[in-house]
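Trainee: Following the hints, put chain B in place on chain A, whose structure we already have.
For the record, the sequence lines run as chains A and B. Everything in the first sequence is counted per the numbering used here, starting at 1 for the first residue and increasing by one. Everything in the second sequence is counted per the numbering used here, starting at 1 for the first residue and increasing by one.
The hints are simulated quantities; they were obtained by calculation from the structure and are not laboratory data. Do not rely on the hints blindly, as some may be mistaken.
[As the list claims (entries may be wrong)] Here are the computed lysine to aspartate or glutamate pairs in the DMTMM-like style, where the Cα-Cα straight-line distance is at most 20 Å:
no., chain 1, residue 1, chain 2, residue 2
1, B, Lys219, B, Glu25
2, B, Lys178, B, Glu116
3, B, Lys184, B, Glu116
4, B, Lys245, B, Glu365
5, B, Lys130, A, Glu183
6, A, Lys113, B, Glu53
7, B, Lys74, A, Glu183
8, B, Lys63, B, Asp5
9, B, Lys184, B, Glu28
[Said to hold, decoys possible] Computed footprint of chain B on chain A; a stretch qualifies when at least three of its residues, placed anywhere within it, have a C-beta under 8 Å from a C-beta of chain B:
no., stretch
10, 177 to 186
11, 200 to 211
Note that CB positions come from ideal geometry on N, CA and C, so glycine has one too.
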Amino acid sequence: MAVASNENAMRTSRVTRVLIYVTLLVFSLFYLLPLGIMLINSLKPLSEITGGGMIALPQQWTIEPWLSAWSSAQIGVEPTGLRPYFMNSIAMAVPAVIISTVIGALNGYVLTKWHFRGATIVFGLLLFSCFIPFQIVLIPMARILGILEIAGTTYGLILVHVVYGIGFSTLYFRNYYAAFPTELVRAAQIDGAGFFQIFWRIMLPSSGPIIAVCCIWQFTNIWNDFLFGASFASGGAAPMTVALNNLVNSSTGVREYNVHFAGAIMAAAPTLLVYIVAGRYFVRGLMAGSVKG
Amino acid sequence: MGFLDINNVTKSYGAVEVLHRVDIEVEEGEFLVLVGPSGCGKSTLLNMIAGLESITGGEISIKDRVMNGVHPSKRNIAMVFQSYALYPNMSVAQNITFGLEMHGTPKPERDQALKEVGALLQIDHLLDRKPGQLSGGQRQRVAMGRALVRNPDVFLFDEPLSNLDAKLRVDMRTEIKKLHQKLKTTIVYVTHDQIEAMTLSTRIAVMFNGYVQQLGTPKEIYDTPENVFVATFMGSPAMNVVPAKVEMVDGLPHARIARADGDDALLAFAQENMAEWAGKNILLGIRPEAITDPESADRASNSIAAMSNRVGVTEPAGADTFVTMILGGKDVIARMRADTTVAAGEMFDFAVNMEKAVAFDPQTEARIKP
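Extracted from the complex, chain A is given alone in its bound form (with noise of 0.2 Å):
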């Protein structure tokens, strides 16, 4: 019997194995080999680009490519680098993030906890504007902010942002705490505390992964786009993937390829690092809800 307890369906040979593990290696190396392009290229100096030797390891290192998308590399007409436009990215999506995911978290509060009547369709309509493309508020979207008067400014990105960010927002914190206990939130109500207070003592506290899903989701959407960006916010309140544009399209004479691979990295650093750094909450907070416990 203790022989026979042994055999499971799970249990492989070493043969089998060496092979997942050979084509997990291969694929996964397949799937770096931009970023590996990316980063190679960076790191020498034009010549050598240009000489044909794309795949091949820099004979010199340099970290001039970076030196120089960073703080004096054409854009546009100015030879600012990349910084004063990483900036503006980052004070449009940190901003952005953090008001539609508090709004979005109010929003879930509001609809689980305080029922109203016409709660379903008001959060259905909010589901509705997730799938409403960006072309189309476009126009009407520019008018707003021309008479707001925050046309081409970082705050009028902000207020796109946080109001295309309120429907995923409001359906995550809704999703997360429709499984929330509600005896909590009766019990809170007995020991005498008010709305806001409920919300900020019982319910946020609890909420850590789904507010890590949110800002990662809102921050990857936020830092990634472009049509916005470029509609609403061109010349010096650009964000980083309008000014990338700018740099790669706009060189004079020779195209400084080593230059933009360096910025193109850099535009898609703080994603990737929001992926390393939160992203096992993503996975966690997706699943919450799903399973108890």
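Mentor: Same frame as chain A, but now just chain B:
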């Protein structure tokens, strides 16, 4: 006016009335248990006392103050929930003092109250832990601590023991009873467990279908149930209710009940006015412990009727042995001594304590009162 006065209270959701004219007066220090099967409206009534559900009609007042529309936190009540509802992000100490904090009690007083409650419930060593690190029984204590610390007028318990395992439930039951005897606070306690209702309460309200079927002391509920529902819901095993016909034998009313084989059994009533029902059908209710062997029949009873019947199954349960038989076409359970010699299939002479028997009108299912 009672201490807690539930006056003609109704509750409707849209056109559906789920609670019908509930009228209960609770005196100070009383332990009222609302008991009934799920969906009978007992939790709804409790939530209305707490202020978590609105009152459709009638009035609820505590200490002569009408509570309709008053916010839960301003009713000076405390509630223990079925799931305990401990705030998962706070320590035990924070959980207990949260209500005081929300009511603006200064820190030194909160600490003093926390110390007293911690000692009373023997949870002082747990104060720094999070609810997730506690066992079921400990969580239960913390939930009670959170209610106690507020020193409320009325305690509300919503099935507080139903999440505990059987042994712990019995322990906590005793502890709640001790606590009530010590603190003499007014308690309204909801449960579907009739044993909890019997052991804890000073008075029971048995509820079914949104009506209070009977309100009375545990003894009244057990010995003189108002109707068949109360009779069969309270008590374990349930009261035997069998169809019978009233007949006059030698000028005295008897119940004629069909036996499994042979002729009918005739049991003389102790209740004299049963003569008025002569010739009519009734439902006869007999508790299992009122059917015994002749030696262990209640000596204080003046009305022991002998009845022989064929034994169906015997079920030894340790302290007692339950014996089933067929009577009036129904399975009837008798509670015998543990070491009884009754064997399945044989004829046996049972003794029926007719003083404990109750008769019901078969149409209305209401008890025929003496």
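Trainee: What are the numbers of the hints the structure violates, in ascending order?
Mentor: Per hint list: zero violations.
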